[in-house]
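Each chain is listed here by its residues.
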Amino acid sequence: MNMVNYKAKHFNFNMSEGVATISLTGADQKNPLTFESYAELRDVFRDIVYCDDIHVVVFGSNAGNFCSGGNVNDIIGPLVKMNMKELLNFTRMTGDVVKSMINCKKPIIASIDGICVGAGAILAMASDIRIATNKAKTAFLFNKVGLAGCDMGACGILPRLIGQGRAAELLYTGRIMTVDEGEAWGFYNKVVSPELLDETVNILAQQIVNGPALGNMMTKTMLAQEWSMSIEQIIESEAQAQAICMQTGDFKRAYEAFIIKQKPKFEGN
Amino acid sequence: MNMVNYKAKHFNFNMSEGVATISLTGADQKNPLTFESYAELRDVFRDIVYCDDIHVVVFGSNAGNFCSGGNVNDIIGPLVKMNMKELLNFTRMTGDVVKSMINCKKPIIASIDGICVGAGAILAMASDIRIATNKAKTAFLFNKVGLAGCDMGACGILPRLIGQGRAAELLYTGRIMTVDEGEAWGFYNKVVSPELLDETVNILAQQIVNGPALGNMMTKTMLAQEWSMSIEQIIESEAQAQAICMQTGDFKRAYEAFIIKQKPKFEGN
Amino acid sequence: MNMVNYKAKHFNFNMSEGVATISLTGADQKNPLTFESYAELRDVFRDIVYCDDIHVVVFGSNAGNFCSGGNVNDIIGPLVKMNMKELLNFTRMTGDVVKSMINCKKPIIASIDGICVGAGAILAMASDIRIATNKAKTAFLFNKVGLAGCDMGACGILPRLIGQGRAAELLYTGRIMTVDEGEAWGFYNKVVSPELLDETVNILAQQIVNGPALGNMMTKTMLAQEWSMSIEQIIESEAQAQAICMQTGDFKRAYEAFIIKQKPKFEGN
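Protein chains in written order, with the numbering used here: chain A, 503 to 771; chain W, 503 to 771; chain L, 503 to 771.
Derived from the structure by calculation, the hints contain no laboratory data. Hints should not be assumed to be uniformly reliable.
Each pair may be met inside one copy or between any two copies, as identical chains are not told apart.
Stated by the list, open to error - Keeping only pairs whose Cα atoms sit at most 20 Å apart, straight-line, the calculated DMTMM-like set for lysine to aspartate or glutamate is:
id, residue 1, residue 2
1, Lys583, Glu538
2, Lys583, Glu758
3, Lys754, Glu538
4, Lys583, Asp682
5, Lys692, Asp555
6, Lys509, Glu519
7, Lys754, Asp549
8, Lys587, Glu738
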């Protein structure tokens, strides 16, 4: 499968040098999610699994903001009128976006500037690596709109990123996590000024693109797969996963390059 | 069920504006636990589940200390004479205090001044949010009294708060965690001076009381429920839990308030 | 079983005052692992389980370095020629080293100076406590050699030490974790200058040796055992484990020493 000519209907999508970049649209409303963009995100991440020309996904910002979450008029308005069957359809669809991101087999770098709240904060959380600017405002604000903090995986996933106690406080208050907190707590892997965001993300993305794609695919897979395993299961699973990677050409290429004191050129197989 | 007139026998208990405040007694011994206070704590937290007039529990300090753990004369003395059946009865009862705190469906804020050691450190650990003073002395000192670090859930829960390596060191040495460590590691959500402790805790408690009670109940539930789930299970569980919350009046109230640019007034249903 | 006269064939091993100290050899290559040293490490840690004269294991550095990982000529060369059956034998053997360390029933302190990369970083990760020098260079560099980050448990264990996001970044890039990162993130429990490393580790090791050996054995056991349990299971498991410890002489000794205001002298039973 090849997505180089994929035309996204409900967000920006482009590909360059092994990197697929997605960013939401609607800059005047700080890039809200809609029913349509949720569904297309789910579908695109499901397709990315099979795209050999995509090695990294960048989930980027647009016009100074990442994402303002579910649109109040387009999403919250209809939701308050839905019956339980319709609500479950919706919450399962949004959950499927997170599942499809975590199962897409390619590392995802969230590139976060400005507003990153509600379902937007979840998209950042569901990424593998988060680079933010010092203008980033991340809030898991579900309780501000009368809901629970357990949205799209937050009560289970956020504690593994920043610790159980910090996650609890953010989810009970819905407050903005400051940039300093986000960096100190490990939510953001790195914080830079807005003008350095793209360059920082690009360098990291290219570094991963130049790495062993099959190995990285397996790293992505196992980071999720081992989530709730026992230590014994973790170690047996990795024995199998790494044995697969040891039969790749990339492992041989790295060895041969080392012998002649050169840098390996990986081919992803 | 209504606990506004509940008279606690073995600790301080009072209610005000949706907040139940508990603090241990015995200030001359820095508020030790006794067989009786353990049992009553277990029972009270089991009752709190059903109390619609309690939205937050504050587990507070008393006369400058939080809790000195199991009383040496009243608890450790009898324990060294017990047979295995009696010991299991005891360790299961103390474990039931932690279970009842985690299952009480209301956020618990520990307000920690001074000594917070042994089973006292566990009560802090089993709370959702911890606000401490710069005089707080928290120690999981079980190995100092010849026991294992695995007391009332510490080997499983503490690592999720501060990381596996830091938890291991504290549990193998029994040493005091410094205030700076506690804050940097995420054990304490916030550290303030002793004179600001009550005010800081009250502001946070009122903020949560003013939030959506049903949503917060679900957050509390799912933070524990998702502990050992796979990511797939986490996301499906949250799809169901949040769909329930989307049928509450509070979700509708938040939407309607937003439309008229006002702050929502939540009613907890 | 007694290991005081154990002569290790493929690494340094010595015992003194309840502490077994292991360090790898091959200082000119910064102490690489070999097929033989992997296998002997696995066997030694399996034997340590039954050695009453070992209360703590120190996994130390040698000539300014901890371990450079699998030897390129001795290990990676042969691996690239192996079939799947042979590869699985290898990855399971290396995984068994981690399993045997985690299951050895004695706290392990890694004493890390200089290079600590690849499988060396895993040996550090599989230890309970990590003391490092400001010269330590830890890298989970598997993707630099064309492999996945999921080696010997890294995708499951590293996130519990430093957080899921930080672990992901290290595993996707293979880069060196700086000393400051390692300390701030909780990978290192403490960082000291090289000349203070031995003394710092020895003081900590002796402190643990002087603690209750049976209690510490149970702490080690439960830190791993509770890894993927639910909170309810964690608490019941600890009720059983601690009840066992409450029937030890060391618990009684601690109580009796307290009564006469002395320090207890533990005997490990």
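Within, between, both or neither, where Lys583 and Glu758 count as close if Cα-Cα is 20 Å or less: between (63 Å within a copy, 12 Å between copies)
Status of Glu538 relative to Lys754 across identical chains (alpha carbons, at most 20 Å): neither (45 Å within a copy, 22 Å between copies)
Copy assignment of Lys692 with Asp555, given that the CA separation must stay at most 20 Å: neither (27 Å within a copy, 43 Å between copies)
Status of Asp682 relative to Lys583 across identical chains (alpha carbons, at most 20 Å): For Lys583 and Asp682, the Cα distance exceeds 20 Å both inside one copy (39 Å) and across copies (49 Å).
Status of Asp549 relative to Lys754 across identical chains (alpha carbons, at most 20 Å): Neither. Shortest intra-copy (29 Å) and inter-copy (36 Å) distances fail the 20 Å Cα cut-off.
Intra/inter-copy verdict for Lys583 and Glu538 if alpha-carbon distance must be at most 20 Å: within (18 Å within a copy, 50 Å between copies)
20 Å Cα threshold - placement of Glu519 relative to Lys509: within (17 Å within a copy, 55 Å between copies)
Up to 20 Å CA-CA - Glu738 versus Lys587, copy category: Intra 41 Å, inter 14 Å, cutoff 20 Å: inter-copy only.
The structure fails to meet hints 3, 4, 5 and 7 from the earlier list, while all remaining hints are met.
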